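J.: Sequence:
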Amino acid sequence: MPPTFDEGAHMDAFTAGILQRIEQTTADRDRARAAGDDFLAEIEQAELEDLHRLATEHGVHYGAVSNA
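Residue numbers for the sequence shown follow the working numbering, beginning at 1 and rising by one.
Note that these hints are calculated values from the structure, not bench results. Watch out, some of these pointers could steer you wrong.
Claimed, not checked - Ranges between beta-carbon positions, derived for each pair:
1) D12 <-> F39: 29 to 39 Å
2) G59 <-> F39: 11 to 21 Å
3) A13 <-> A35: 25 to 35 Å
4) G59 <-> G36: 12 to 22 Å
5) G36 <-> E57: 15 to 25 Å
6) D12 <-> D50: 32 to 42 Å
7) D30 <-> L54: 19 to 29 Å
8) G59 <-> A35: 28 to 38 Å
9) G36 <-> H58: 32 to 42 Å
10) L54 <-> A27: 24 to 34 Å
11) D38 <-> F14: 25 to 35 Å
12) R53 <-> A27: 30 to 40 Å
13) A13 <-> G36: 35 to 45 Å
Computed from a prediction, not measured in an experiment: that's the story for all the values here. Idealized CB from N, CA, C, for every residue including glycine.
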């Protein structure tokens, strides 16, 4: 018998993954800013905005994770 799909577990994994990506991208952006790499900081900021949009679309609250 195949395993059943557990939507709650799936969303927990999705939520954890998106929050981890937001945290990492925020750190990457901040490091780029500190290094004076404006181009990389802009790329990381754009990625962060995409992650925030994705999180919002899926009802993931990320305010405590990032200070975009």
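J.: For each hint, tell me whether it holds in the structure or not.
T.: Verification of the supplied hints:
{"no.": "1", "hint": "D12 <-> F39: 29 to 39 Å", "verdict": "36 Å, holds"}
{"no.": "2", "hint": "G59 <-> F39: 11 to 21 Å", "verdict": "33 Å, violated"}
{"no.": "3", "hint": "A13 <-> A35: 25 to 35 Å", "verdict": "33 Å, holds"}
{"no.": "4", "hint": "G59 <-> G36: 12 to 22 Å", "verdict": "37 Å, violated"}
{"no.": "5", "hint": "G36 <-> E57: 15 to 25 Å", "verdict": "33 Å, violated"}
{"no.": "6", "hint": "D12 <-> D50: 32 to 42 Å", "verdict": "22 Å, violated"}
{"no.": "7", "hint": "D30 <-> L54: 19 to 29 Å", "verdict": "20 Å, holds"}
{"no.": "8", "hint": "G59 <-> A35: 28 to 38 Å", "verdict": "35 Å, holds"}
{"no.": "9", "hint": "G36 <-> H58: 32 to 42 Å", "verdict": "35 Å, holds"}
{"no.": "10", "hint": "L54 <-> A27: 24 to 34 Å", "verdict": "18 Å, violated"}
{"no.": "11", "hint": "D38 <-> F14: 25 to 35 Å", "verdict": "32 Å, holds"}
{"no.": "12", "hint": "R53 <-> A27: 30 to 40 Å", "verdict": "19 Å, violated"}
{"no.": "13", "hint": "A13 <-> G36: 35 to 45 Å", "verdict": "37 Å, holds"}
In this structure, the earlier hints numbered 2, 4, 5, 6, 10 and 12 are contradicted, and the remaining ones agree with it.
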